[in-house]
Amino acid sequence: MSSRQEGTVAHVHRDDIGARMGMWLFLFTEVLLFGGMFLVYAFYRFQHPDQFRVAAMELNTGIGTLNTVILLTSSLTVALAITAVQKGNRFLAVLMLNITLVFALMFMVNKYFEWSAKISHGLYPGSKAMLDLPNGQILFYGLYYVMTGLHALHVIIGVVILSFMQIQLMKKKITQDNHVKLENAGLYWHLVDLIWIFLFPLFYLIQ
Amino acid sequence: MDNHSKNNHPGYSTYFFVWLALLAFTSITVTVAGINLGKYTMLVALGIAAVKSILVVNIFMHIKFEEKIFKVFIALSFSTLLIIFILTSFDIIYR
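Chains as they are written, first to last, in my numbering: chain A, 1 to 207; chain B, 1001 to 1095.
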């Protein structure tokens, strides 16, 4: 027994494919979580097409487009960070992750201004101005707050995870030949981007 | 079998071009939203979103370069979601 252990002491068991597969399984549960909400959205939009259009006119397409560009670019920088680690360029990887975090914060700042503008107009769930609206518009704003809110929560969680990866990268826990953690964090971040790709046209681009 | 990460991922330029394509599709979808296409508006917007997500999943999320089992998993979960949507749409339409 002890001799066998001595013989394998240099070998640390690692299964990167298994790790990525586990991450994907988790991402599928996320897709189902948001998928259920998209289903509710589809159902109510079919029932109230005109009121959804009227309510969506109130949303700021400019901020929505800006946030789309921000998230797409932050996805690029995460992908570049992973490639940089694979090529052994730690400096570039740290830089790219930093830029990603800056983009994520910019997204949240935009979100803050967008939501506070809505709230200052009295448009928030349960407000008097909201309850005076027709049913379809209440449903639209309800879905808007829940879906973009849950998405924003994912952005915040993504920031925490990516900051953690940043520390691991700087402590050299993530290296050229052991970076599956960073890859999985990247997968999470891309999923956040992916969900926004669908939220954006469904909420900001109804004319 | 080597279960460690393989270095067959694309280089910096591939990601950069995919990013440009994603930005181009974003500007297309914003422009098209201003044109009244009637009942096709939603279809076009979702079609563009689908193309964008195929780019993100395949290149940014490396699925194009992963083992086959990953693609099977994605097909299965996507089909599950699609079935839920189709079955529910029958309830909405024939209610």
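Keep in mind that a hint or two might mislead.
[To be verified] No farther apart than 20 Å at their CA atoms in a straight line, the calculated lysine to aspartate or glutamate pairs in the EDC-like style are these:
#1 B:1068 x A:114
#2 A:181 x B:1091
#3 A:181 x A:30
#4 A:181 x A:16
No lab work stands behind these hints: they were computed from the structure.
For each hint, the structure was consulted:
no.	hint	verdict
1	B:1068 x A:114	42 Å, violated
2	A:181 x B:1091	43 Å, violated
3	A:181 x A:30	19 Å, holds
4	A:181 x A:16	9 Å, holds
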